[in-house]
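*Asks:* Given next are the chains, with one letter for each unit.
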Amino acid sequence: MSTETPTRTPPSTVVVASRGQRFTGAAVNYVDERTSISGLVRELGRKIFPDHWSFMLGEVALYSFVVILLTGTFLTFFYQPSMADVVYNGSYVPLKGLHMSAAMASSLDISFDIRGGLLMRQVHHWAALLFVASIGLHMLRVFFTGAFRKPREINWFIGFVLFILAMAEGFTGYSLPDDLLSGNGLRIIDGMVKGIPLVGSWISWLLFGGEFPGTHIVARLFTLHILLLPAILIAALGAHLLLMIINKHTQFAGPGRTNDNVVGVPIMPTFAAKAGGFFFIVFGALVLMGAFFTINPIWTYGPYDPSPVSAGTQPDWYIGFADGALRMMPPGLEFDVFGHPLSLNIMIPLLVLPIFLGLVAFYPFIEAWITGDKREHHIAERPRNAPTRTAIGAAGVTFYAVLWATASSDLIATHFHVSIEDVIHSMQLLVFVGPVVAYLLTKRITLGLQKKDREIALHGFESGRIVRLPGGEYIEVHEQLDEYERWRLVSYLDYEPLMVRPDERGRITVAQRARAGLSSWFFEDRISPPTTTEVEREHASQH
Amino acid sequence: MADNDTGTPHAAAGTAVQKSVPTQTVAGTAVELSDAFVNPGLPPHRARVTDTDPKKDKQAERRVYTLFYASIVGSVLAIAAYSVFPIVPGDSNSVRLNTVFLGLGIASSLLGIGIGAVYWAKNLMRGDEIVEMRHPTRGTEETRARAVEIFKLGNEESGFGRRTLIRNTLIGALIATPIPAIVLFRDLGPRSDPASALETTMWKKGTRLTRDPTGDPIKASDITLGSVFHVIPEGLNDVEDKLEQKAKAAVLLMRLKPEDLNELPERKDWSYDGIVAYSKICTHVGCPVALYEQQTHHLLCPCHQSTFDVTNHCQVIFGPAKRPLPQLPITVDAEGYMVAQSGFHEPVGPSFWERT
Numbered sequence: 001m002s003t004e005t006p007t008r009t010p011p012s013t014v015v016v017a018s019r020g021q022r023f024t025g026a027a028v029n030y031v032d033e034r035t036s037i038s039g040l041v042r043e044l045g046r047k048i049f050p051d052h053w054s055f056m057l058g059e060v061a062l063y064s065f066v067v068i069l070l071t072g073t074f075l076t077f078f079y080q081p082s083m084a085d086v087v088y089n090g091s092y093v094p095l096k097g098l099h100m101s102a103a104m105a106s107s108l109d110i111s112f113d114i115r116g117g118l119l120m121r122q123v124h125h126w127a128a129l130l131f132v133a134s135i136g137l138h139m140l141r142v143f144f145t146g147a148f149r150k151p152r153e154i155n156w157f158i159g160f161v162l163f164i165l166a167m168a169e170g171f172t173g174y175s176l177p178d179d180l181l182s183g184n185g186l187r188i189i190d191g192m193v194k195g196i197p198l199v200g201s202w203i204s205w206l207l208f209g210g211e212f213p214g215t216h217i218v219a220r221l222f223t224l225h226i227l228l229l230p231a232i233l234i235a236a237l238g239a240h241l242l243l244m245i246i247n248k249h250t251q252f253a254g255p256g257r258t259n260d261n262v263v264g265v266p267i268m269p270t271f272a273a274k275a276g277g278f279f280f281i282v283f284g285a286l287v288l289m290g291a292f293f294t295i296n297p298i299w300t301y302g303p304y305d306p307s308p309v310s311a312g313t314q315p316d317w318y319i320g321f322a323d324g325a326l327r328m329m330p331p332g333l334e335f336d337v338f339g340h341p342l343s344l345n346i347m348i349p350l351l352v353l354p355i356f357l358g359l360v361a362f363y364p365f366i367e368a369w370i371t372g373d374k375r376e377h378h379i380a381e382r383p384r385n386a387p388t389r390t391a392i393g394a395a396g397v398t399f400y401a402v403l404w405a406t407a408s409s410d411l412i413a414t415h416f417h418v419s420i421e422d423v424i425h426s427m428q429l430l431v432f433v434g435p436v437v438a439y440l441l442t443k444r445i446t447l448g449l450q451k452k453d454r455e456i457a458l459h460g461f462e463s464g465r466i467v468r469l470p471g472g473e474y475i476e477v478h479e480q481l482d483e484y485e486r487w488r489l490v491s492y493l494d495y496e497p498l499m500v501r502p503d504e505r506g507r508i509t510v511a512q513r514a515r516a517g518l519s520s521w522f523f524e525d526r527i528s529p530p531t532t533t534e535v536e537r538e539h540a541s542q543h
Numbered sequence: 001m002a003d004n005d006t007g008t009p010h011a012a013a014g015t016a017v018q019k020s021v022p023t024q025t026v027a028g029t030a031v032e033l034s035d036a037f038v039n040p041g042l043p044p045h046r047a048r049v050t051d052t053d054p055k056k057d058k059q060a061e062r063r064v065y066t067l068f069y070a071s072i073v074g075s076v077l078a079i080a081a082y083s084v085f086p087i088v089p090g091d092s093n094s095v096r097l098n099t100v101f102l103g104l105g106i107a108s109s110l111l112g113i114g115i116g117a118v119y120w121a122k123n124l125m126r127g128d129e130i131v132e133m134r135h136p137t138r139g140t141e142e143t144r145a146r147a148v149e150i151f152k153l154g155n156e157e158s159g160f161g162r163r164t165l166i167r168n169t170l171i172g173a174l175i176a177t178p179i180p181a182i183v184l185f186r187d188l189g190p191r192s193d194p195a196s197a198l199e200t201t202m203w204k205k206g207t208r209l210t211r212d213p214t215g216d217p218i219k220a221s222d223i224t225l226g227s228v229f230h231v232i233p234e235g236l237n238d239v240e241d242k243l244e245q246k247a248k249a250a251v252l253l254m255r256l257k258p259e260d261l262n263e264l265p266e267r268k269d270w271s272y273d274g275i276v277a278y279s280k281i282c283t284h285v286g287c288p289v290a291l292y293e294q295q296t297h298h299l300l301c302p303c304h305q306s307t308f309d310v311t312n313h314c315q316v317i318f319g320p321a322k323r324p325l326p327q328l329p330i331t332v333d334a335e336g337y338m339v340a341q342s343g344f345h346e347p348v349g350p351s352f353w354e355r356t
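These protein sequences, in sequence, are chains A and B. FYI, the numbering used here numbers position 227 of the first sequence as 227, with every residue one higher than the one before it. FYI, the numbering used here numbers position 342 of the second sequence as 342, with every residue one higher than the one before it.
It should be emphasised that the hints constitute simulated quantities derived from the structure, not laboratory data. Be aware that one or more of the hints could be misleading.
Which bits of chain A does chain B cover? Going by a derived footprint, with three or more residues having C-beta under 8 angstroms, they are [as the list claims (entries may be wrong)]:
1. 207-215
2. 323-330
3. 465-475
4. 481-488
5. 527-535
Under the rule of at most 25 angstroms between Cα atoms (straight-line distance), these lysine-lysine pairs were calculated in the DSS-like manner [to be verified]:
6. B:K268 with B:K257
7. A:K47 with B:K122
8. A:K96 with B:K56
9. B:K58 with B:K122
10. B:K219 with B:K268
11. A:K443 with A:K150
Quick reminder that beta carbons are idealized off the backbone N, C-alpha and C, glycines included.
Take the sequences, apply the hints, and build the full model.
*Replies:* Encoded structure:
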């Protein structure tokens, strides 16, 4: 940057700084002499960020988190995390005179007695929903483009931790108003915890400070929600962003883009303006949602009472998959083991979901082991160019989606006039069959797309121009792509299945066999990228 | 740092591809072709209309500052809305107006900045792309050697590896230190034992069945055929731990035709003239089983759709629950009010390990 174009600041011209410039210069000098901040600006100021619409998803997550922090701080000034019994005497007439916890009463006061309180509550809730949703989409983007490969495996894992923390933040926050709906959510947590063998009732006992619901849980969730979880979340978020800066962002394959460079816009000024502006757009959109769309109307649910519950109860969307897993369990999965109940109807979801999430968390390490590829990868792959990974991802998404849909089994039944039994039985079937079908279909579709790309790269595209040859034969002229367009289609990595070979002691280990098996599963069906030799051969055969 | 970034215009086609020296890494099973296509380099830059037409440039500039002005207006409107649309106690429409106009003001102040900044970046800031080289994430050989050396020095100067007893006792001490912190959390729950609390409810011999939530006693004659009553034990509203007791003691009272009930011989006298009482707390994870289907005599839990058959002692006929809802033996007292013959004969609600 020291070599600015000389025409802009001709050395012969003596520029007299204006008053404002002199002040800025002095101020900047003052700060730098005390912080050496110029080094940071030198390192980061012109850092290049590649551009693609899908890179925005992580930004949405970051910005909605900032919105959550801002609106959440506002809410803490008015909210009382107490389960002390009070008589509601606020502005909302239908609940006047009812007994409820101070938490519920203060949540109602925020909604009906504090100007802008309802707006802030709703912006906070919408932002929380968007936060988890955008993290999920961001993870899918990173997964399907292989952006988790070396050197970014650790950052994928940190991102996964952020996803779990976001869901934990969501659930703890959802429970704070102590309304009927969230109370039932806690009741379900209590029932699940009690079903854990050996320690279940003790965990519930300690969590709720005695019997459910007790008078402690809201204050404890509040501490988790505004202190412990955000502290961990911010630390993990800092690490996530720091690693992103160290690793630099991935970019999609394209002309001029290689594994060794980054092509894009500099932080100062373009990226800063785009990203900073985008923060305000996300914030503005969330405020509009909070202003116009009601979310979590606790006043219609009323205060928590263990006895009533309304039909069609739904958790917030991100907890749906866990609730769906509970709903899906067939009857009778509870057994007597040495005089103690073993609640498999609870333990199966409690074990299967962590296994599923564990596979998500450790997928980069699994794939790295299978490919044995120790190189750094900075080019985001098109999903079609990694057929098996894309198919695995589709299977995972389908599995999650079936669990998620099951959480609305009762609504599906009433909406489409089918019996709840049929819905559940279909879901039980789909949770096994769906991922397999999705896997097979996706794999075939990706291979088909790769074939089409290959065809276009080798033979060009149909120009629509029909030519009659001297012999009377009609052909349609194919036109070749230009080299820039062709590069998008041919620049991808190709792997072949691992061959099992004996090691130096002449043995083939079990791990080696497993790896070879997985490797052939991954790479047996493959479409190699076209080569220059093939193009030449094609040209030769045409003439 | 940005090798190609000198503020000069974009790299011409073909010059943007630089190969850094490849590091010694394993490619695994990746296929590396000798006749693969060669990266053609950055395509030529296409100028935007604001780059070529000064009029359009001026127009874009006007749009940006107009948006920033709009943002200021939005902030002013938000402040105005705060007092122009106050909340009138009891008037829910005033809450709606306050929310909407405050929200509109704040949203326009935010969106004005946001859209303005993005528009500025897209149309007026430098439009071509810049190339920056990456470097391997691992430190240079020199750096790594120095790091190794530092660890060696640290080890030598402290004797961490040599003085094994010091090292091992330190590790042991560090492991032991957090344990008191875990122990300190024991008093999150009361001193007593959870199982005994979970096994008992407020119901005992002679407790009247009263309506939820008023606490009015119920006469057998009030219970018409096909009706269902949400029931709490008498005196629940006066106890200190009302919600905890209610979470265990809530009961559903239903009247069926006596011939519709398939009662076990030992429970024959637990009902009264077709009136039966069952725990309302689901045996799955504890939601209230609040939905009663009059025609089929099924109870449905709205949380996870466990379905219980009232005619067969609330056996599970569908859903994830396993155990039937516990039955409360009932009868009528001298005044004709419904009372419990005894407490529940088994713990209510979700399964827990200590339950036998």
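*Asks:* All hints are to be evaluated individually against the structure, with a verdict given for each.
*Replies:* Hints and how they fare:
For the stretch 207-215 of chain A, the stated coverage by chain B holds: 8 residues have a C-beta nearer than 8 angstroms to a C-beta of that chain, and at least 3 were required. Only when three residues or more bring their CB closer than 8 angstroms to a CB of chain B does the claim for the stretch 323-330 of chain A stand; here the count is 6, and the claim holds. Under the rule that three or more residues need a Cβ within less than 8 angstroms of chain B, the assignment of the stretch 465-475 of chain A is violated, with 0 such residues. Remark: the stretch 481-488 of chain A is confirmed as covered by chain B, as 4 of its residues place a Cβ nearer than 8 angstroms to a Cβ of that chain, reaching the required three.
A count of 6 residues in the stretch 527-535 of chain A with a Cβ less than 8 angstroms from any Cβ of chain B is obtained; the coverage claim is therefore met, three being the minimum. Under the criterion of a C-alpha separation no larger than 25 angstroms, the hint pairing K268 of chain B with K257 of chain B is consistent with the structure, at around 14 angstroms. Simply put, K47 of chain A and K122 of chain B have alpha-carbon atoms about 18 angstroms apart, close enough for the 25 angstroms limit, and the pair holds. Between K96 of chain A and K56 of chain B, the direct Cα distance comes to roughly 60 angstroms. Violation of the 25 angstroms bound is thereby established for this hinted pair.
Of the pairs offered as hints, the one joining K58 of chain B and K122 of chain B holds, with about 14 angstroms between alpha carbons and a cut-off of 25 angstroms not exceeded. Under the criterion of a C-alpha separation no larger than 25 angstroms, the hint pairing K219 of chain B with K268 of chain B is consistent with the structure, at around 21 angstroms. Taking the CA atoms of K443 of chain A and K150 of chain A, the gap is near 24 angstroms; set against the 25 angstroms cutoff, the hint holds.
Consistency with the previously given hints fails for numbers 3, 8, ordered from lowest to highest.
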